[in-house]
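Peer 1: Sequence:
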Amino acid sequence: MAKKALLVGITGASGSIYALRFLQRLVEMDQPVEVIFSEVGKRVFEYETGICVEEVSKLSRKTYEPSDFFSPPASGSSPYLGMVIIPCSMGTLSAIASGSSLNLIHRAADVMLKERKPLILVVRETPLNLIHLENMLKVARAGGIIYPAMPSFYAKPKNLDDLIDQFVERLVQFLFAQENPYSWERLLKEEE
Numbered sequence: 036m037a038k039k040a041l042l043v044g045i046t047g048a049s050g051s052i053y054a055l056r057f058l059q060r061l062v063e064m065d066q067p068v069e070v071i072f073s074e075v076g077k078r079v080f081e082y083e084t085g086i087c088v089e090e091v092s093k094l095s096r097k098t099y100e101p102s103d104f105f106s107p108p109a110s111g112s113s114p115y116l117g118m119v120i121i122p123c124s125m126g127t128l129s130a131i132a133s134g135s136s137l138n139l140i141h142r143a144a145d146v147m148l149k150e151r152k153p154l155i156l157v158v159r160e161t162p163l164n165l166i167h168l169e170n171m172l173k174v175a176r177a178g179g180i181i182y183p184a185m186p187s188f189y190a191k192p193k194n195l196d197d198l199i200d201q202f203v204e205r206l207v208q209f210l211f212a213q214e215n216p217y218s219w220e221r222l223l224k225e226e227e
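Heads up, the sequence shown is in my numbering, so the first residue is 36 and it goes up one at a time.
Don't take each hint at face value.
[Unchecked claim] Below, computed lysine to aspartate or glutamate pairings styled on EDC-like, alpha-carbon distance capped at 16 angstroms:
| no. | residue 1 | residue 2 |
| --- | --- | --- |
| 1 | Lys77 | Glu100 |
| 2 | Lys173 | Asp145 |
| 3 | Lys191 | Glu204 |
| 4 | Lys39 | Asp65 |
| 5 | Lys38 | Glu63 |
| 6 | Lys38 | Asp65 |
| 7 | Lys77 | Glu89 |
| 8 | Lys93 | Glu63 |
| 9 | Lys93 | Asp65 |
Quick caveat, the hints were computed from the structure, so don't treat them as lab data.
Could you build the full structure based on these sequences and the hints that come with them?
Peer 2: The following block contains the structure:
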């Protein structure tokens with residue numbers, strides 16, 4: 036039986052490198068993935084990574100336009116494993132928290148919540164105001180998982196790539212119960 040695809044939403048929040056590395060890691064794992072960019076997400080992704088959005092189609096089974104409400108992610112009958120929005124802008128968080136479907140990312144997230152499938156929002160904003168926090172609480176109460184883009188430092192990262200890779204591995208471990216080469220337990224054993 037074929038693996039179910041993971042749906043990945045990429046919004047206009049800063050942090051596109053997280054999305055790129057996450058997609059690359061999913062490809063390494065032979066995990067099918069389908070991608071939805073928001074309109075601003077496309078621009079920010081290209082600006083921050085220097086990679087054309089069209090190149091991302093090589094990493095995904097399918098890439099959808101944010102206005103395509105007739106595509107599989109808009110329907111609860113589509114057999115997705117779940118959805119990760121990475122990075123997740125505060126505007127996208129707000130739309131999800133209010134049940135508003137202004138684009139396909141919002142609609143797909145709403146579908147994940149109603150179908151009780153995993154929805155992980157990799158929020159990337161600072162500082163957070165009360166509205167942001169209340170929206171996170173609403174989404175969490177509805178079944179979503181708030182997964183802030185916060186790197187850890189116990190693995191003693193040597194550069195930015197290490198920080199990004201550690202975060203992505205932790206996300207993969209969380210989603211797929213994979214071994215995390217940056218886990219605290221593993222790092223302690225290596226120091227012995």
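Peer 1: Decide, hint by hint, whether the structure agrees.
Peer 2: Hint check results:
1. Restraint check: the Cα-Cα separation between Lys77 and Glu100 comes to about 10 angstroms, which is no more than 16 angstroms; the hinted pair holds.
2. Taken as a hint, the Lys173 and Asp145 pair is honoured in the structure, with Cα atoms around 13 angstroms apart against an allowance of 16 angstroms.
3. Between Lys191 and Glu204 the CA atoms are separated by roughly 15 angstroms; this keeps the pair inside 16 angstroms, and the hint holds.
4. Among the hinted pairs, Lys39 with Asp65 is consistent with the structure: their alpha-carbon atoms are about 11 angstroms apart, no more than 16 angstroms.
5. Taking the CA atoms of Lys38 and Glu63, the gap is about 14 angstroms. The hint holds against a cut of 16 angstroms.
6. Between Lys38 and Asp65 the alpha-carbon distance is near 9 angstroms, which keeps this suggested pair within the 16 angstroms criterion.
7. Note on Lys77 and Glu89: the hinted pairing holds, with a Cα-Cα distance of about 10 angstroms set against a maximum of 16 angstroms.
8. Proximity of Lys93 to Glu63 is assessed by CA-CA distance (about 13 angstroms); at most 16 angstroms being required, the pair is judged to hold.
9. For the hint linking Lys93 to Asp65, the alpha-carbon distance of about 13 angstroms falls within 16 angstroms, and the restraint holds.
Comparing the model with each numbered hint stated earlier shows that all of them hold.
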